[in-house]
Structures are given as C-alpha cells and as structure tokens.
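Listed below, chain by chain, are the residues.
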Amino acid sequence: GAVVSQHPSWVICKSGTSVKIECRSLDFQATTMFWYRQFPKQSLMLMATSNEGSKATYEQGVEKDKFLINHASLTLSTLTVTSAHPEDSSFYICSATGWNTEAFFGQGTRLTVV
Amino acid sequence: AQSVTQLDSHVSVSEGTPVLLRCNYSSSYSPSLFWYVQHPNKGLQLLLKYTSAATLVKGINGFEAEFKKSETSFHLTKPSAHMSDAAEYFCVVSDTNAGKSTFGDGTTLTVKP
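Chains as they are written, first to last, in my numbering: chain X, 7 to 120; chain P, 60 to 172.
Treat each hint with caution, since some may be false.
[What the hints assert, rightly or not] Pairs of lysine-lysine, DSSO-like flavour, derived with a Cα cap of 27 Å:
| # | chain 1 | residue 1 | chain 2 | residue 2 |
| --- | --- | --- | --- | --- |
| 1 | P | 117 | X | 20 |
| 2 | P | 127 | X | 72 |
| 3 | X | 20 | X | 72 |
| 4 | P | 127 | P | 101 |
| 5 | X | 47 | P | 101 |
If you're looking for bench data, these hints aren't it; they were derived computationally from the structure.
What you are looking at is a predicted structure, and each value in this text was computed from that prediction instead of being measured.
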C-alpha cells in the first residue's frame, strides 16, 4: 500500500518557540492532506484540510495563525505550530489522499511543549 | 456528512477468548471503513479496511471485520485474544471521494491473563 511518512515522530520544545512537522507521500501524489490532533485519552479530531497549491481549510475552533499549514507540492505538507505553549502538547497525525484514493495515515508526531 | 459510533468505550476479555469491538457508521456516500490500533504512546497501525470489495475483510494479526450495509455496522472480531492485543482501537469512516476521515471515540481493549 501507499506510504505516508511523518517527521519527526516526537519533539520536545520550549514554550514560545515554533515547531514544524512534515508529512510526505512517498509513492503517490497527494492532492489533499489532512491534519489531525489527538489529546491524551481522546479520539483524533480533524484540524484542517489542505489541497496542493491552495490555502488550507481549518475546522471550527482551530486557529489558523497558530497552526500554519503549507502544501506546496504534491508530496509534502507541513504543519507549523507557532509560539507553542504547553496546552499545544498533543499527538499530531497527517493523512494523504490522491486522485480518488482512500486516505493513508502517517505514523504521527508527539509534541511536548515544556 | 459522515459519523461513526463505537458502541463500547471499554472491552475486557480473557486471553484466548473471542474479541468483539462494535462500530456503527453513517455516511452520505459509499464509505470506506477502517479499523486502526494504537498502542500506548505509539502511532496508528492499520488493521484492515473495507473499500467496496468483499464484505468480509481479513486484516493483520487474526482480526477481521464484516461490512453490513443493512445494519450500517462494521464490527471487528478476533477468535482468540492475545495479551499483545491490549490497546486502543479506532473505527474510521472515510469519504472515498474527499478522503476526509472521521474517527470514532475509540475502544480500549484489555486482555486479562
């Protein structure tokens, strides 16, 4: 099956700094990528949807200026958590879909802000 | 619109006994359905998926699920639980055309020795 690689798998950063998470489709062209967040002992919630070459669409309640999403190519999307705070500590996971294909998930990134 | 309901937040079984994790879905489209497993502090691992082919889907580690359109269900089963099966399980429905996935709330499976 198709492979989606997410990097890093875990990161610890200081409060106030920014963190970038990459999501790559390794063997297919991802026309759309999705970013999810999972708080401890909760399910995954969709944060935003990004289509290659256009601005991301954010779900209600997600701050677009804090969670910057870039989808500049058909194989790479990035999520940047700006001015991170401890409450942003979470598990972030991306998924990617190509032309009329199912979504394939990355392995996730565990962010801890100290 | 799509949604998924995992009917049990916690399931506890004894090692060697059958496992049943229940999932009901709703979707405006012909959905794709998935089961993922997540071990503590780990990412998601795909167990199996249904994408409009055979209604009985076999996955990894002895798991299987049956798509029942009339019941809008996609329950996950395994004949004999192993200690290593203890984890969080997520049922997911995806709009194949858009790829947007909706997760259930998860079911925590505990396996007793």
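Against the 27 Å threshold, does the CA-CA distance of residue 127/P and residue 101/P hold or violate the hint? violated, 30 Å
So if I understand the rule, the pair passes when the alpha-carbon distance is 27 Å or less; does residue 127/P with residue 72/X pass? violated, 42 Å
Restraint status (C-alpha distance of residue 20/X to residue 72/X at most 27 Å): holds, 16 Å
Keeping to a limit of 27 Å between CA atoms, is the pair of residue 117/P and residue 20/X held or broken? violated, 44 Å
Pair hint outcome, residue 47/X versus residue 101/P [Cα-Cα no greater than 27 Å]: holds, 13 Å
The structure fails hints 1, 2, 4 (numbered hints given earlier, in ascending order).
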